[in-house]
Structure formats: C-alpha cells, structure tokens
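Build out the structure end to end from the sequences listed, making use of the hints.
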Amino acid sequence: MPKFRMSDVITATSRVFYPNWLCWAFFTEGWGLFFSEELYNLSVLFSAALLWQYLVGGVSVTGLLWSALWVVAVRRYLAGGLCTSTARLTGQTVVITGANVGIGKETARDLLRRGAHVILACRSLPKAEEARRSLLGEGGKVEVRLLDLSSLQSVRGFAAGLVKDNIKVHILINNAGVMMCPYMETQEGFEMQMGTNHLGHFLLTNLLLPQMKQDEPARIINVSSHGHLVGEIDMDDLFFKKKPYDKAQAYFNSKLANVLFTRHLAQILKGTKIQVFSLHPGAVFSAAGRHIVTSTFLGDHIFCLLPKTTLEGAQTTVYCATEAKQHHEMYFSDCAVGWALDASKDERLAEDFWKLSAQLVKLDE
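Mapping of the sequence shown onto this note's numbering: position 337 corresponds to residue 885, and the numbering continues sequentially without gaps.
By construction, these hints were calculated from the structure, which means they are not laboratory data.
Since we're looking at a predicted model, the values are computed, not measured.
A hint or two may mislead.
Unchecked claim - Label-pair restraints from in silico Cβ distances:
| hint | residue 1 | residue 2 | range |
| --- | --- | --- | --- |
| 1 | E677 | G639 | 16 to 26 Å |
| 2 | A621 | R661 | 26 to 36 Å |
| 3 | L587 | E913 | 45 to 55 Å |
| 4 | K818 | G580 | 34 to 44 Å |
| 5 | A616 | E764 | 43 to 53 Å |
| 6 | G580 | K789 | 46 to 56 Å |
| 7 | G605 | E677 | 52 to 62 Å |
| 8 | G819 | A616 | 46 to 56 Å |
| 9 | G663 | K873 | 13 to 23 Å |
Claimed, not checked - Here are the simulated lysine-lysine pairs, DSS-like style, with alpha carbons at most 27 Å apart:
| hint | residue 1 | residue 2 |
| --- | --- | --- |
| 10 | K761 | K893 |
| 11 | K712 | K689 |
| 12 | K712 | K910 |
| 13 | K689 | K873 |
| 14 | K910 | K761 |
| 15 | K689 | K821 |
| 16 | K893 | K818 |
| 17 | K789 | K910 |
| 18 | K873 | K761 |
| 19 | K903 | K893 |
| 20 | K761 | K821 |
| 21 | K903 | K818 |
| 22 | K818 | K716 |
| 23 | K910 | K716 |
| 24 | K789 | K903 |
| 25 | K790 | K910 |
| 26 | K716 | K675 |
| 27 | K716 | K689 |
| 28 | K893 | K873 |
| 29 | K893 | K910 |
| 30 | K873 | K716 |
Built from N, CA and C at the ideal position, the CB exists for glycine as well.
Okay, here's the thing in structure tokens:
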C-alpha cells in the first residue's frame, strides 16, 4: 500500500471540502449541461430518497422538495466545475492521446464542436475508427492515427508522420493513461504506468515541440490526478525493480511525474507562445478504472452514481484547451487553478527528473 503522510491526507481532505471553484459562476452557469448530463443519476437518487421516505414514515410534499434539493446539490457538487467558454478553435489542430473512450473522447467531441481539426491518437485502430465514426457530424474534422505510448518506436513513428504530413499541432492533450494495473512492462522494459503515463508522453511532447515553437500560440496539457499528492519519485528505483510492486503507488508516482514534467517544460518554454498545464479531471468512472472495478453491472448502475460522468471529467481539459491562462502552480482542477503537492513545485527535482526521463527515452538520439 502507498505511504500516506498525515499532512498530505489533511491537505487533500481540505481541498475536497473547500474547492476553489465554489464561486458565483459555479451557482449561476452550466445548469443546462448539468441537468442534461445528470438525468439518470438524479432520477435514481431521487427514487432512492423517495423509497427511503416511504419506508421510514410516509411521503410528504415537504419531504419530496427537500429530497430533490439535496439530490441536486450533492450531484452538482460532485460534478464540479463546468467549462462555459465559447471560444472557437477553427483552423487549429488538436492531438488527443487515448481519445477513443472516456474523457478523451468527450474532450474530442467538445473541441470538434468548436471547429477544431482533432487527431485521435490511439493504440487500437479499430476502436479509434469506431470512435471517429461516432464523432462525425459534430463539426470540425476528425481523423485517427496509431499511437501506442507503451512503445517508444510507436511514439517516434507517430511524431514522424505528423512532421511528414506537415501538420502543425496547436494543442497537444496528453490524456491517455493506465491506472493501477497489475505489474506489466512496456516494450522497452519500463514499468507500464510510469512508461505509458509519463515517459511516452514525455517523448511525444519533445518530438512535437519544434513544430509547436512557431509564431502561433499553442498549448500543452498533461492530464494528471489528485493522486499525485501521495506520489513519490525514487530516482534510483523508478520501476520497482528493488522493492515490491505496488500498483496504486506506481499510479500515484506517474501522476506526480506528469506535474513535474509540466513544471520543467514551462521553464524550457519561457519566452515562447506555448502555455503548459497539468490538471486533475476529477474522480471519473471510465475505462481507465477497469483494473479497479471489473463488474460491468456495478460500474454502469451503482458506482456511476458517485463520481463524475466522462463529460464532466473532460471539463477541466476543455477549459485548459480554450481559456485558461498558465499559472505558477502549473496545476488545474475543476476549471480553476488547483493545489499541487509541494514536491511538484521543486524546481531542482523537476530538472533532475527531466534529465533522467530524457536519458531513459534516449531523447538526443
């Protein structure tokens, strides 16, 4: 099990109950999106509340009103911040890794509606093609390209293809991820979660930087997690070769790696028109959690009542892709600046970890 420091637990808890997105806009905007997305959850929860009232003493008008209010309030809180930007992305090309399912697909849908050219960068072409067909008609232009982040050869091939086709990337969204899987290795022998969630995206970003460092503004977005709050970077044993494998800790470590990567990338890009962000999408029940909850029935009908929907989980990514401004925290949550672990703000650690990552992916070759 991961080592939970009491200070980190207190900090994480305070951030859950005192989120910085509780502002005027939270109470006045996005209600149409909320109700259209939450129809199933609200119906089930209200029915459960109605049944409870019936069992404990009878149904009343007052009870119904209070139940409706509490159900809406709880789900609105869990849904978190919603992006209300009306920005258009006509003429801009967006690369989204892992965009065939979950929050990646919902991000693609939103950006297509804004007129963007969206490239679904996925490891399974059949699944990506199925997603592409489902996104046709949303607007913009959508295409599929093969990218397996657990293979550095595949990453290099994907980047080379964009360069060959003279495709300038305006927004790079490093969204794909593996979550708490059993011990596995990438093609290069890296532990799967660190290899996919960090090193694959690290190489991809660096290979695309020359094209992005042009006159037009650009954005790089790394999807991290609040899990980084209990992450650790062991420079001498990054892949659990010397200690027993802990799939949860490995995931948390890879999410801390995302934030450290973002921090040093911002240092390198000072003076350019590229903004960089890392973010927490929220607790989202999606395909990423397949190694945690394996029951489809439980996932589809029970656990879905607690976390965000995939559309809600995509909101902070969309916010960072459209209107957010780079902030020294380098970390966003619920469509606002978030709070990152103190270790993730360690410039020396970020630089040393960058050098180690560059060495591992053989960046200079």
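Query raised in the report: Hint by hint, which ones does this structure get wrong, listed from lowest number up?
Result: When the structure is compared with the hints, none of them turns out to be violated.
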